[in-house]
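Engineer: Keeping their order, the protein sequence lines are chains W and G.
Position one of the first sequence corresponds to residue 1 (full-length UniProt numbering), numbered consecutively onward.
Position one of the second sequence corresponds to residue 1 (full-length UniProt numbering), numbered consecutively onward.
By construction, these hints were calculated from the structure, which means they are not laboratory data.
Here the structure is a predicted model, which means the values were calculated and not measured.
Take these hints with a grain of salt, some might be off.
[To be verified] Facing chain G, from chain W, some residues (calculated, C-beta under 10 Å):
#1 W32
#2 V108
#3 E110
#4 S173
[To be verified] Among the chain W residues that face chain G by a calculated CB cut under 10 Å, a handful are:
#5 G3
#6 L5
#7 E93
#8 E95
#9 E109
#10 L111
#11 L112
#12 P113
#13 I191
#14 D195
#15 G207
#16 R239
[Said to hold, decoys possible] In silico SDA-like pairs for lysine to any residue, Cα to Cα no more than 20 Å straight-line:
#17 G/K82 <-> W/K202
#18 G/K82 <-> G/G168
#19 G/K82 <-> W/G50
#20 W/K23 <-> G/E17
#21 G/K130 <-> W/E95
#22 G/K85 <-> G/G7
#23 G/K82 <-> W/R4
#24 G/K82 <-> G/D190
#25 W/K202 <-> W/E219
#26 G/K85 <-> W/S52
#27 W/K23 <-> G/G7
#28 G/K82 <-> W/E95
C-beta atoms are modelled at their ideal positions from N, C-alpha and C, and glycine is treated no differently.
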Amino acid sequence: MAGRLRWQTGRVVAIREETPSSKTILFDVPGWPGHLAGQHVDLRLTAEDGYSAERSYSIAGPVDGERVELTVQRVPNGEVSTYLVDDLRVGDELELRGPIGGWFVWRVEELLPVLLVAGGSGVVPLMAMVRERARTGGVAPFTFVYSARSAAEVYYADELAGRARDDDGLTVSLVYTRSAPAGSHRPAGRIGQSDPDDLGWKPGAEGRVYVCGPTGFVEAVVGMMLDRGHDPSTIRTERFGPTGG
Amino acid sequence: MAIVTRGFRGRRDASAERLPPGQYQTRDFPVLSAGPTPRIALDEWRFTITDEPGSPVRSWTWSQLLELPVEQPVVDIHCVTKWSKFGTRWEGVSLDTLFASVETSAGYALVHSYGGYTTNLPLADLLGGKAWIVYRYDGGDLSPEHGGPARLLVPHLYFWKSAKWVNGITLRREDQPGFWESLGYNNHGDPWREQRYTGD
Ligand SMILES: Cc1cc2nc3c(=O)[nH]c(=O)nc-3n(C[C@H](O)[C@H](O)[C@H](O)COP(=O)(O)OP(=O)(O)OC[C@H]3O[C@@H](n4cnc5c(N)ncnc54)[C@H](O)[C@@H]3O)c2cc1C
């Protein structure tokens, strides 16, 4: 049995604007025990008078010593995300504990083909898997489908384009729901019945499916997969937000 | 001692004393599950209590469940992912009713669901007016993503113990960790003691 997950102090060492509404925050966490691709941390923010708030955030990158990278989407009027995106500065210290979650994870020893389907900020733990595959020289074929509102809302855009070109066995498909840039392979719109063939969703062909995003997105995507005969036991899901966004 | 987060004020909730530590109030009803929402035909639905040696001792069909005395708990619920929701209204059958004719000295229960989910509890946490099998929520049938046709409701523990798509309980002399309990989550899960993860 593992001991208690204790609160640790993380110091912000870098902040990068990921999109106009999100930031990637790099923490240095002395004594960080390491983590698996897909796991998350709990953050605890405490005000002067002792009031505190906790939220979960997925780790965006593979294990990297004492570094922990998160990407946070600003949720309108959100108590914690607005602070993290708008107020946090390099040098600030926050409390965090983790890694948490032993189900929505991918390990390089798993050789079966993987289908990743991300909606919005649900891309974060799936990007950790793509990065972990590259870091470890993984050979499992990865098909990565990422649904975002528009090109401006795509996280890790340059890195993804580079990986789509360079990472052997990785296929990346972007699906734009509100506006598609010129030259896109499909018009803007939510993932629908006509998509799955293009997106590589072949029942039986996948070894494992990971779906992450807002609840409505996860329900819609998984519903389509079940309709098409995917085996439910191959599908793992993580739902981020209460809204159907 | 917690460290102060520079410039963080937070959004105080008037109902703070109704919130367990680390929780915030939501008015939505978020969905959390590890996999797809299973599709369950009511005419094939069963709820079965199995004893320690592994024999089914009681089983109910959907129509038999609906004939049992109905209770209408109104309770606060607390999810380990930090949200709490106040005053949720449910309809279903008390586990005391289901266990009324079950003779057992078992100390533990392993709850099973369609789709393969499991969660473990001391039997004492299921009896004495503390738990229900519910099939209606907020005046309507319980929707599949919230655990319909029927789910367990154990509101005094974190909500992962309230297994969705429930189909049975196995009585056990020894405790056996369920799905999340084997993946780093706390064995008991009392939100007021913030028992989120192993060892809390
Ligand atoms: C396991 C897990 C991993 C997560 N990983 C990430 C991550 O990598 N990046 C990330 O940005 N977030 C992630 N989240 C979501 C995150 O924990 C917070 O819920 C989110 O940042 C909102 O918190 P808040 O305090 O800003 O909003 P709150 O003050 O809690 O909510 C404000 C309002 O926004 C609504 N709302 C809350 N969350 C969302 C949402 N996600 N989408 C739309 N509306 C919402 C609420 O219902 C409420 O009406 C994760 C959640 C879980 C459970």
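Engineer: Next step is simple, just say for each hint if it's right about the structure.
Structural biologist: Hint check results:
no.: 1; hint: W32; verdict: violated (16 Å)
no.: 2; hint: V108; verdict: violated (19 Å)
no.: 3; hint: E110; verdict: violated (16 Å)
no.: 4; hint: S173; verdict: violated (21 Å)
no.: 5; hint: G3; verdict: holds (5 Å)
no.: 6; hint: L5; verdict: holds (5 Å)
no.: 7; hint: E93; verdict: holds (6 Å)
no.: 8; hint: E95; verdict: holds (6 Å)
no.: 9; hint: E109; verdict: violated (18 Å)
no.: 10; hint: L111; verdict: violated (21 Å)
no.: 11; hint: L112; verdict: violated (16 Å)
no.: 12; hint: P113; verdict: violated (18 Å)
no.: 13; hint: I191; verdict: violated (16 Å)
no.: 14; hint: D195; verdict: violated (18 Å)
no.: 15; hint: G207; verdict: violated (15 Å)
no.: 16; hint: R239; verdict: holds (6 Å)
no.: 17; hint: G/K82 <-> W/K202; verdict: violated (36 Å)
no.: 18; hint: G/K82 <-> G/G168; verdict: violated (28 Å)
no.: 19; hint: G/K82 <-> W/G50; verdict: holds (18 Å)
no.: 20; hint: W/K23 <-> G/E17; verdict: violated (33 Å)
no.: 21; hint: G/K130 <-> W/E95; verdict: violated (35 Å)
no.: 22; hint: G/K85 <-> G/G7; verdict: violated (28 Å)
no.: 23; hint: G/K82 <-> W/R4; verdict: holds (18 Å)
no.: 24; hint: G/K82 <-> G/D190; verdict: holds (13 Å)
no.: 25; hint: W/K202 <-> W/E219; verdict: holds (18 Å)
no.: 26; hint: G/K85 <-> W/S52; verdict: holds (18 Å)
no.: 27; hint: W/K23 <-> G/G7; verdict: holds (18 Å)
no.: 28; hint: G/K82 <-> W/E95; verdict: holds (16 Å)
In this structure, the earlier hints numbered 1, 2, 3, 4, 9, 10, 11, 12, 13, 14, 15, 17, 18, 20, 21 and 22 are contradicted, and the remaining ones agree with it.
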